[in-house]
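**Q** The whole structure should be built from the sequences, with the hints applied where relevant.
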Amino acid sequence: MSAFVAALLFAAACTESPPVPTQPAAGPSLAAELSGGGPTVYATGLTSPRNLKFGPDGLLYVSEGGIGGDMNPTGLDADGRPCLPVDNMFTVPGPYGSGYTGKVSRVWPDGHVETIASHLPSSHDGTNYVLGVTDVAFVPGEHDDSHVDGEAWDEKPFLVRGQALYALVEGGGCSRGLPRSPAGVIRINRDGSFRYVADISAWIRTHPNAVPQPPGPSGDEEPDGVPHMMITVGRQLYVVETNHNFLLEVNPRTGAIRALADFSALFGGDVNPIVIEHRGSDFYVGDFGTSGGAARLWKAGTVSGRPGPFSVVDATFNPIVGLAFGGTGNALVALETFAIDNPFAPNTSRAVRRSADGSHTMIAGGLNFAIGLTRGPDGALYASTTAYGLENDPNVPDVHLAVGIGRIVRFTP
Numbered sequence: 072m073s074a075f076v077a078a079l080l081f082a083a084a085c086t087e088s089p090p091v092p093t094q095p096a097a098g099p100s101l102a103a104e105l106s107g108g109g110p111t112v113y114a115t116g117l118t119s120p121r122n123l124k125f126g127p128d129g130l131l132y133v134s135e136g137g138i139g140g141d142m143n144p145t146g147l148d149a150d151g152r153p154c155l156p157v158d159n160m161f162t163v164p165g166p167y168g169s170g171y172t173g174k175v176s177r178v179w180p181d182g183h184v185e186t187i188a189s190h191l192p193s194s195h196d197g198t199n200y201v202l203g204v205t206d207v208a209f210v211p212g213e214h215d216d217s218h219v220d221g222e223a224w225d226e227k228p229f230l231v232r233g234q235a236l237y238a239l240v241e242g243g244g245c246s247r248g249l250p251r252s253p254a255g256v257i258r259i260n261r262d263g264s265f266r267y268v269a270d271i272s273a274w275i276r277t278h279p280n281a282v283p284q285p286p287g288p289s290g291d292e293e294p295d296g297v298p299h300m301m302i303t304v305g306r307q308l309y310v311v312e313t314n315h316n317f318l319l320e321v322n323p324r325t326g327a328i329r330a331l332a333d334f335s336a337l338f339g340g341d342v343n344p345i346v347i348e349h350r351g352s353d354f355y356v357g358d359f360g361t362s363g364g365a366a367r368l369w370k371a372g373t374v375s376g377r378p379g380p381f382s383v384v385d386a387t388f389n390p391i392v393g394l395a396f397g398g399t400g401n402a403l404v405a406l407e408t409f410a411i412d413n414p415f416a417p418n419t420s421r422a423v424r425r426s427a428d429g430s431h432t433m434i435a436g437g438l439n440f441a442i443g444l445t446r447g448p449d450g451a452l453y454a455s456t457t458a459y460g461l462e463n464d465p466n467v468p469d470v471h472l473a474v475g476i477g478r479i480v481r482f483t484p
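Going by our numbering, the sequence shown runs without a break in its numbering and finishes at 484.
Derived from the structure by calculation, the hints contain no laboratory data.
All figures in this text were calculated on a predicted structure; none of them were measured in a lab.
Note that the Cβ used here is the ideal one computed from N, Cα and C, for glycine as well.
Hints may contain errors.
[As the list claims (entries may be wrong)] Label-pair restraints from in silico Cβ distances:
| hint | residue 1 | residue 2 | range |
| --- | --- | --- | --- |
| 1 | His183 | Gly340 | 38 to 48 Å |
| 2 | Ala410 | Leu147 | 41 to 51 Å |
| 3 | Ser426 | Pro153 | 32 to 42 Å |
| 4 | Gly287 | Asp181 | 43 to 53 Å |
| 5 | Gly450 | Gly146 | 48 to 58 Å |
| 6 | Leu147 | Thr399 | 29 to 39 Å |
**A** Encoded structure:
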């Protein structure tokens, strides 16, 4: 699991790749001056906002993690069978508290936030960090999909210009007290309800990674997984699972899951992949760094329509939580949630542009506990902020204090 997720929760396999550094380089060197326009508030009133994307209608869709709930793990799965006990930093100092407080929302150009779906799975850990709905994606639909999922395609899905809306649940499963709502991919319906299309918890439990993390109070192995982000390429979903170091391909029509990369095998340890982006024929994965070290940018070309072997192209970032392309030369922009030497300090998140020569230039700074990043149809970048902490306290003492404090900010790359 990433240092990001581990710290927040605590206060496939492609196995061939060119050699990667065993230790990342020391922290990044950033240009002192800012470029582009400063961030402005685009929307407010969100609760634990996570990843976000613009839909086919040109409007912004945001996943809201929620605040968890009062349901605790019972030690039994949905069929009443014992599930693996959880004894790790996720349950320190207290157990998971789960419920259905997650949302998917849509933001109109005037900043008005409209709820598309509510009562979605959500969980908070022992320190009240929330894992709930963590991303959204649109997938083109076809009428022949009804033969796969047993429903008429146009009967229930929330469709936007022929594309169906999906969401990624990061904090579900037996270990969190939601045995009937696993970590996985859900399809949002027109009436705001949802149905599961892929059970990532079940897949994780039957597909161990190459270098498992230790159990126990100081370990971070989470039996139900921590799928954090997904993107659509063609009609497939690509999901980054942070805790077990997987890149997964999910077929939203059949629910089939396939591991395309096991980053623990590539690195020989815990890599903490957390975000993914796609451009042209290349896939990019950003990680959170390991043991307080600098974060890495991984890249892979496309082989037979899927990501090929990944290798590190830059190991000089602060912890990465977002990737997008935009601005001068359509360069890669990374969202860093804090500086390595000042972890979990408020108002220290920033966006940096990576130039062709590998140098980094800050284009937006002073963001507060940012997580998600996306590019809008206007060419601007949008980030979710105050996503996991308060203005002066990164570890929310009462999860209810997170209600409505999340924001979306806009800045030019």
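**Q** Compare the structure with each hint and give your call.
**A** Against the structure, the hints:
Between histidine 183 and glycine 340 the C-beta distance comes to about 46 Å, which sits within the given range of 38 to 48 Å. For the pair alanine 410 and leucine 147, the supplied restraint of 41 to 51 Å holds, since their beta-carbon distance comes to about 43 Å. Remark: the range hint 32 to 42 Å for serine 426 to proline 153 is contradicted by a beta-carbon distance near 54 Å. Between glycine 287 and aspartate 181 the beta carbons are some 50 Å apart, a value that agrees with the proposed interval 43 to 53 Å.
At about 51 Å, the beta-carbon gap between glycine 450 and glycine 146 stays in the expected band of 48 to 58 Å. Between leucine 147 and threonine 399 the beta carbon distance is about 55 Å. The supplied range of 29 to 39 Å is therefore violated.
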